[in-house]
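Undergrad: Each chain, letter by letter, is given below.
2 protein chains.
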Amino acid sequence: MSEIEHRISKRALNFPDNPIRGLEILAFEVRNKGIKVIPLNIGAPDTPSPREVMVSVSAYLSERDHVEYGPSTGNIKLREARSRFYKDKLGLEIEPENILVTAGASEAMELAVYSVTNPDDEVITPEPFFPNYLSTCYKYDTKFGVIQTRIEDGFHIIREGETLQAAYARIESLVSTKTKAIIWSSPSNPTGAVYSNEELELLFKVAKDHNLFLIADEVYRLLTFDGGVSYKEGLVRAPSIYDVVPQSDRSRVLCLDSSSKEISFCGGRTGYLILDQFLVPYVLKNASVRACPNMLGQGAVEGIDQIDPKYFLKNQQELKLRRDLTYKHLSDMKDIGVTVSPKPPEGAFYIPFDLGDEISAENFCRWMLTDFPRKSGSNKTVFLTPMRSGKGGFYLDETKGKSQVRIAYVRESSELVEAMDIVRSAIIAYKNEDQ
Amino acid sequence: MSEIEHRISKRALNFPDNPIRGLEILAFEVRNKGIKVIPLNIGAPDTPSPREVMVSVSAYLSERDHVEYGPSTGNIKLREARSRFYKDKLGLEIEPENILVTAGASEAMELAVYSVTNPDDEVITPEPFFPNYLSTCYKYDTKFGVIQTRIEDGFHIIREGETLQAAYARIESLVSTKTKAIIWSSPSNPTGAVYSNEELELLFKVAKDHNLFLIADEVYRLLTFDGGVSYKEGLVRAPSIYDVVPQSDRSRVLCLDSSSKEISFCGGRTGYLILDQFLVPYVLKNASVRACPNMLGQGAVEGIDQIDPKYFLKNQQELKLRRDLTYKHLSDMKDIGVTVSPKPPEGAFYIPFDLGDEISAENFCRWMLTDFPRKSGSNKTVFLTPMRSGKGGFYLDETKGKSQVRIAYVRESSELVEAMDIVRSAIIAYKNEDQ
Numbered sequence: 206m207s208e209i210e211h212r213i214s215k216r217a218l219n220f221p222d223n224p225i226r227g228l229e230i231l232a233f234e235v236r237n238k239g240i241k242v243i244p245l246n247i248g249a250p251d252t253p254s255p256r257e258v259m260v261s262v263s264a265y266l267s268e269r270d271h272v273e274y275g276p277s278t279g280n281i282k283l284r285e286a287r288s289r290f291y292k293d294k295l296g297l298e299i300e301p302e303n304i305l306v307t308a309g310a311s312e313a314m315e316l317a318v319y320s321v322t323n324p325d326d327e328v329i330t331p332e333p334f335f336p337n338y339l340s341t342c343y344k345y346d347t348k349f350g351v352i353q354t355r356i357e358d359g360f361h362i363i364r365e366g367e368t369l370q371a372a373y374a375r376i377e378s379l380v381s382t383k384t385k386a387i388i389w390s391s392p393s394n395p396t397g398a399v400y401s402n403e404e405l406e407l408l409f410k411v412a413k414d415h416n417l418f419l420i421a422d423e424v425y426r427l428l429t430f431d432g433g434v435s436y437k438e439g440l441v442r443a444p445s446i447y448d449v450v451p452q453s454d455r456s457r458v459l460c461l462d463s464s465s466k467e468i469s470f471c472g473g474r475t476g477y478l479i480l481d482q483f484l485v486p487y488v489l490k491n492a493s494v495r496a497c498p499n500m501l502g503q504g505a506v507e508g509i510d511q512i513d514p515k516y517f518l519k520n521q522q523e524l525k526l527r528r529d530l531t532y533k534h535l536s537d538m539k540d541i542g543v544t545v546s547p548k549p550p551e552g553a554f555y556i557p558f559d560l561g562d563e564i565s566a567e568n569f570c571r572w573m574l575t576d577f578p579r580k581s582g583s584n585k586t587v588f589l590t591p592m593r594s595g596k597g598g599f600y601l602d603e604t605k606g607k608s609q610v611r612i613a614y615v616r617e618s619s620e621l622v623e624a625m626d627i628v629r630s631a632i633i634a635y636k637n638e639d640q
Numbered sequence: 206m207s208e209i210e211h212r213i214s215k216r217a218l219n220f221p222d223n224p225i226r227g228l229e230i231l232a233f234e235v236r237n238k239g240i241k242v243i244p245l246n247i248g249a250p251d252t253p254s255p256r257e258v259m260v261s262v263s264a265y266l267s268e269r270d271h272v273e274y275g276p277s278t279g280n281i282k283l284r285e286a287r288s289r290f291y292k293d294k295l296g297l298e299i300e301p302e303n304i305l306v307t308a309g310a311s312e313a314m315e316l317a318v319y320s321v322t323n324p325d326d327e328v329i330t331p332e333p334f335f336p337n338y339l340s341t342c343y344k345y346d347t348k349f350g351v352i353q354t355r356i357e358d359g360f361h362i363i364r365e366g367e368t369l370q371a372a373y374a375r376i377e378s379l380v381s382t383k384t385k386a387i388i389w390s391s392p393s394n395p396t397g398a399v400y401s402n403e404e405l406e407l408l409f410k411v412a413k414d415h416n417l418f419l420i421a422d423e424v425y426r427l428l429t430f431d432g433g434v435s436y437k438e439g440l441v442r443a444p445s446i447y448d449v450v451p452q453s454d455r456s457r458v459l460c461l462d463s464s465s466k467e468i469s470f471c472g473g474r475t476g477y478l479i480l481d482q483f484l485v486p487y488v489l490k491n492a493s494v495r496a497c498p499n500m501l502g503q504g505a506v507e508g509i510d511q512i513d514p515k516y517f518l519k520n521q522q523e524l525k526l527r528r529d530l531t532y533k534h535l536s537d538m539k540d541i542g543v544t545v546s547p548k549p550p551e552g553a554f555y556i557p558f559d560l561g562d563e564i565s566a567e568n569f570c571r572w573m574l575t576d577f578p579r580k581s582g583s584n585k586t587v588f589l590t591p592m593r594s595g596k597g598g599f600y601l602d603e604t605k606g607k608s609q610v611r612i613a614y615v616r617e618s619s620e621l622v623e624a625m626d627i628v629r630s631a632i633i634a635y636k637n638e639d640q
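For the protein sequence lines, the chains are A and B, in the order given. So in my numbering, the last one in the first sequence is 640, and the numbering has no gaps at all. So in my numbering, the last one in the second sequence is 640, and the numbering has no gaps at all.
Please keep in mind that the hints were generated in silico from the structure rather than gathered at the bench. One or more hints might be untrue.
Which copy? The list can't say, so a pair holds if one copy fits it or any two copies do.
Claimed, not checked - Each computed DSSO-like pair below joins lysine-lysine, with the alpha-carbon atoms no more than 27 angstroms apart:
| hint | residue 1 | residue 2 |
| --- | --- | --- |
| 1 | Lys348 | Lys383 |
| 2 | Lys238 | Lys596 |
| 3 | Lys215 | Lys607 |
| 4 | Lys348 | Lys215 |
| 5 | Lys215 | Lys383 |
| 6 | Lys636 | Lys548 |
| 7 | Lys410 | Lys292 |
| 8 | Lys294 | Lys515 |
| 9 | Lys413 | Lys215 |
| 10 | Lys215 | Lys410 |
| 11 | Lys533 | Lys383 |
| 12 | Lys548 | Lys525 |
| 13 | Lys282 | Lys238 |
| 14 | Lys282 | Lys292 |
| 15 | Lys282 | Lys241 |
All chains should be built: construct the whole structure from the sequences, respecting the hints.
TA: Next up, the structure:
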């Protein structure tokens with residue numbers, strides 16, 4: 206090892222592992238060997254983007270001969286369209302000046318965490334959580350605390366049979382003088398839970414009583430199958446933090462949003478940070494370091510308010526079918542030791558399940574890529590996400606989630622059926638081998 | 206002020222101002238009043254992008270019905286094309302596995318600073334510097350030190366008439382046990398200086414002797430008018446850090462690069478971090494939090510190795526003409542107290558100049574947007590960048606650079622002539638008013 210290699214920063218050296226993308230390079234190599242790898246590891250929907258979106262980019266480019274910087278806030282045309290989309294399609298009163306365009310919700314999250322916490326301040330979140338919350342807090346030296354949720358409660362923050370008072374007391378007991386914010390996703394990544402108005406009110410009450418920020422990650426709001434709110438033209442969305450927080454308390458709320466999941470535009474890296482006016486100048490100074498969000502992605506989605514609601518409805522219906530199918534297959538694996546929540550998750554496109562028998566999900570997911578195709582004599586396998594991977598995971602406590610797997614049902618039904626059959630036989634084979 | 210407003214983080218509250226974009230909203234408002242604002246504040250070239258680039262995006266989209274995530278490393282096709290571009294067009298032996306695609310050089314810089322410094326470690330840089338270096342270090346709690354350069358030396362790090370030994374001693378004296386890296390841009394933003402091989406060797410020697418990383422920002426390398434290196438087909442580029450660092454010391458080097466300036470693709474947010482293999486796994490964990498670089502930008506530039514060298518040559522010639530024109534106009538303002546470096550800057554598209562008479566450049570640049578159009582009876586003005594703005598600037602010491610302005614000659618010659626006339630009369634008017 207050369208002398209300079211010792212000079213890498215400790216923070217880089219100890220960066221949390223990414224359980225979702227950690228096996229990406231391995232999967233790439235396996236694919237190169239001619240093995241078909243069905244990617245159910247990452248939340249990348251395969252449903253088509255609206256035709257208008259794909260066409261807008263070309264239109265955007267045909268109007269210019271080069272691609273200039275835009276404003277750090279994001280383009281005003283997009284911010285206005287997004288505001289109309291919120292108001293007219295979703296019933297959320299959000300003004301253009303409260304919307305900053307970001308490089309996906311990931312950047313929105315970074316800006317949010319940076320702006321509301323100092324080093325050693327704390328953010329709390331329902332666990333299991335989206336691992337990038339932890340990584341982002343790690344990156345900015347922010348402490349991370351968890352509100353435990355359980356598979357038997359469908360990962361809801363109010364437990365089965367629990368009173369509101371008891372849930373409040375349980376969550377409040379986690380708040381310290383260092384706590385600055387609560388962050389959560391609903392519909393949830395990785396649990397698929399859609400929080401009810403009652404649950405959102407509970408989070409708001411804790412935040413109000415302890416003067417905390419609320420960081421609501423609502424990127425999956427249009428993928429809600431149960432427990433949603435109907436607004437116009439039959440469009441169903443998850444309850445939003447803006448449904449329960451009065452205007453006078455809006456300054457407490459930062460909302461992460463994105464066009465990634467709603468229109469299958471993950472690679473366009475176009476997201477949004479919705480925030481109160483008082484935060485805007487400070488967040489903008491930080492955001493201005495990256496100049497502007499990419500203009501091509503912005504050009505693509507600047508007609509978001511014009512997308513026919515039927516597009517979203519169709520996606521919802523398609524995803525609901527897949528959810529039911531995947532959930533049924535996983536439930537049927539009870540005989541081989543698999544546990545899922547008692548009811549299908551209400552939204553997003555994830556289902557967490559437990560392999561049981563203290564099986565290492567990380568080893569199993571890796572084995573599925575490396576050994577399974579060879580041993581099964583099949584040239585197909587499935588790429589899944591272990592909920593614990595080295596120093597990273599969906600749980601803070603490194604001893605938790607070790608036997609859990611997250612599946613993203615982001616392929617069409619026939620491929621999902623195939624994938625679920627593979628998963629079933631892989632679990633059986635792995636358990637036999639393990640003994 | 207509501208109780209939550211006091212809870213904003215100190216780091217957000219004290220974030221350095223952005224002198225380049227700080228007046229952006231004001232300029233937007235002025236434009237809305239019907240005033241023509243010539244934007245010479247930001248390094249956004251107006252020369253056309255190669256036709257192939259504009260067409261590639263549409264081709265990319267026509268091949269798919271939605272936009273999926275790509276790998277966190279960036280697309281292999283682009284990394285391979287970029288490597289061929291370096292090797293075949295620029296004579297730089299850089300392999301695809303040492304290239305990570307980033308959201309512009311800005312993200313490359315963030316990843317670099319994070320990976321080589323712990324909080325309170327220090328990075329040093331020639332001053333005046335690109336303000337985003339300071340902001341990035343601020344963001345990651347990294348200290349920032351400067352190597353002073355002077356207008357009379359054309360802002361070179363080896364001063365006029367200085368021996369190599371003296372320059373080495375001067376720079377070395379700035380290195381402390383906390384110093385982890387030297388960062389610089391060449392061609393330089395904001396000075397336009399192109400460092401000679403001798404200067405790069407000097408930086409390398411300091412780094413080698415003190416076990417430091419070298420963070421070379423080479424985004425302007427193809428905008429080199431004097432002091433460049435010819436490689437193939439007449440293409441001229443600035444000397445690169447890779448010209449002077451032997452293979453055995455490559456692990457010390459991180460290079461920031463971008464397609465923004467080289468092909469007028471600023472808004473495409475497609476940049477590169479070139480780094481040694483030992484750093485890749487750690488940087489990737491960090492980068493994986495943002496999933497992947499935007500796929501549209503990547504799709505656009507994945508044929509970079511196929512661009513006809515004549516394209517770059519033509520740009521170079523055009524920019525050289527503008528440089529000469531702008532420099533001449535600024536030199537001619539000696540009679541109204543303006544100072545520029547004794548020779549025209551060798552590269553990039555910036556010229557710093559001093560207004561003299563302790564005039565506040567910040568006030569002047571603001572006044573040009575607000576008062577000048579009204580007072581001059583003209584409906585045109587010029588947007589310039591003050592080199593000191595509140596808590597931000599191109600100098601670390603807040604007392605320095607106050608009367609300095611950076612001009613970016615990013616408009617065609619006829620508009621530049623018009624702009625320079627406006628600048629001249631504005632300076633005269635402002636000085637008269639000021640007295």
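Undergrad: Give a verdict on every hint.
TA: Quick rundown of the hints versus the structure:
no.: 1; hint: Lys348 with Lys383; result: both (9 angstroms within a copy, 25 angstroms between copies)
no.: 2; hint: Lys238 with Lys596; result: neither (29 angstroms within a copy, 55 angstroms between copies)
no.: 3; hint: Lys215 with Lys607; result: within (26 angstroms within a copy, 37 angstroms between copies)
no.: 4; hint: Lys348 with Lys215; result: both (17 angstroms within a copy, 16 angstroms between copies)
no.: 5; hint: Lys215 with Lys383; result: both (24 angstroms within a copy, 14 angstroms between copies)
no.: 6; hint: Lys636 with Lys548; result: within (26 angstroms within a copy, 75 angstroms between copies)
no.: 7; hint: Lys410 with Lys292; result: within (25 angstroms within a copy, 60 angstroms between copies)
no.: 8; hint: Lys294 with Lys515; result: within (11 angstroms within a copy, 50 angstroms between copies)
no.: 9; hint: Lys413 with Lys215; result: between (37 angstroms within a copy, 21 angstroms between copies)
no.: 10; hint: Lys215 with Lys410; result: between (38 angstroms within a copy, 25 angstroms between copies)
no.: 11; hint: Lys533 with Lys383; result: neither (43 angstroms within a copy, 58 angstroms between copies)
no.: 12; hint: Lys548 with Lys525; result: within (13 angstroms within a copy, 68 angstroms between copies)
no.: 13; hint: Lys282 with Lys238; result: between (46 angstroms within a copy, 18 angstroms between copies)
no.: 14; hint: Lys282 with Lys292; result: within (15 angstroms within a copy, 41 angstroms between copies)
no.: 15; hint: Lys282 with Lys241; result: between (42 angstroms within a copy, 20 angstroms between copies)
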